[in-house]
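Each protein sequence line maps, in turn, to chains D and B. Counting from 1, one number per residue, gives the positions in the first sequence under my numbering. Counting from 1001, one number per residue, gives the positions in the second sequence under my numbering.
Just so you know, these hints were derived from the structure itself, not from any lab. Hints may be right or wrong, so weigh each one.
As the list claims (entries may be wrong) - Label pairs and their in silico Cβ distance ranges:
1. D/E216 with B/R1060: 47 to 55 Å
2. D/A133 with B/D1108: 38 to 46 Å
3. D/P8 with B/T1129: 53 to 61 Å
Unchecked claim - Some residues of chain B that are not near chain D, with every Cβ distance over 10 Å (derived):
4. A1036
5. T1054
6. I1164
Quick caveat, the model's predicted, so the values are computed rather than measured. The beta carbon of each residue, even a glycine, is placed where N, CA and C say it ideally should be.
Protein chains: 2
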Amino acid sequence: MPPTFALPHRGWLFDLDGTVYRGQSLVPGADAAIAALRAAGRRVAFLSNKPIQTRDEYARKLTRLGIPTPVDDVINSSLVLARHLARLDRGAPVFVIGEPPLIGELRDHGFEVRTDHRVRWVVIAFDRTFDYAKLNTALQAVRQGARLIATNPDRTCPTESGEIPDCAGMTAAVEAVTGHTVEVVVGKPSPIILEVALAHLGMTASQCAIVGDRLETDIVMGKRLGLATVLVLTGITPAGDPRIAEIAPDLILSSLRDLVR
Amino acid sequence: MPPTFALPHRGWLFDLDGTVYRGQSLVPGADAAIAALRAAGRRVAFLSNKPIQTRDEYARKLTRLGIPTPVDDVINSSLVLARHLARLDRGAPVFVIGEPPLIGELRDHGFEVRTDHRVRWVVIAFDRTFDYAKLNTALQAVRQGARLIATNPDRTCPTESGEIPDCAGMTAAVEAVTGHTVEVVVGKPSPIILEVALAHLGMTASQCAIVGDRLETDIVMGKRLGLATVLVLTGITPAGDPRIAEIAPDLILSSLRDLVR
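When you get a sec, could you build the whole thing from the sequences and use the hints?
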């Protein structure tokens, strides 16, 4: 008997940590569920807000965990920022508060990545090498007219050893000293990352479902753009969260495994 | 003929940069005005929001510029923070986002300055050595219950070569990643720095005048506590600033020189 799926959609977008895996461990059955979707001709892509790893690292991790994935099917906030900024100001000189994977993505998209303040954009990201000198360069750049764009709005990032500061820390510091607000944040829950993902799948929003563990990013964003939304309870949102009724995902699953019957 | 003064007050509090000097240059006549006040038996002290220099460095700078000043007559945000925190939680373990002058002041006041997150307070200041590791230590400390206190609210600090990021950048980063708001900011326009200064002079607010170049700190704070307020136009506030009429300092002088007639 062929498998049946909880929803009929042709395109499937998956959040990663808390949805497909937790840290270094696959969510049990996630591999079989995704394999069944693919075998039935559905298209699958993976979304991440984290700009501190390359898309290739995500593809290799998924493959190692039993979900063979080409790099093109991984869409993270670094890629989305580079693509979005290429539409706004192709090839512009940029100063980056960010790590090498983001800098590499920007260079690959033709941007001139500079280490001084003579730039048209300051790109702000989750940056474990953030320091006062970068904050000062951002200030000087903005005082000369540079604009602000950021990868993701997350306050902290969960790791095996606890939460660590994420992009919101760098963004707040730059906004506070410059007195300017970041114009665009491309990562979840921005529609920009979803638009890039839909374009990658070549589908419209109504043809797609998004699966994630965070109500305020994955589910809110999906509903806003008209995708079907699937909340899984393997991540940050507990079953008893009162916001579930309020935000009302189309489907609630205890695990990705239950996508396939 | 003995000099006459623009106001009869016995205690005089002076802002420094923009009021007494600009960068490395004395405001012409500031030395004579302060000498005349002292000669007439008035008491004088100097206030600074900057925690990155020691009080001794300020005293020596004033002395070098022709205003002989003992270290006790300099009241900066590092001293005020240490005194205020000593009232709240004497000898507590603290983690400091700040530079050696602040750390020295805290040690002198009996605090246990630690480099890990096992503390009761995170002290946030203007810190040119701020980095991601400090931001992370602050986050871990707050997650374990530490409270937040800051030296000064300034967005940027003017230098000879332009404005550089000040304490607001560090504060905003910590607030953004922790989700907690700083409980106390002791520097101008907080009443705390004025209370420390009045206690140092041994006078009440109505016996004192405050002289400064910033409406939103020196003047607003002085009016709020009932000191006479004197705006000088040698610093950041231009003569035509529409807020002058609104905030209404008791006296407006083109320069400190005009305090004495």
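Here's how the hints hold up against the structure:
no.	hint	in the structure
1	D/E216 with B/R1060: 47 to 55 Å	54 Å, holds
2	D/A133 with B/D1108: 38 to 46 Å	29 Å, violated
3	D/P8 with B/T1129: 53 to 61 Å	57 Å, holds
4	A1036	39 Å, holds
5	T1054	20 Å, holds
6	I1164	6 Å, violated
Hint violations for this structure: numbers 2 and 6, all remaining hints satisfied.
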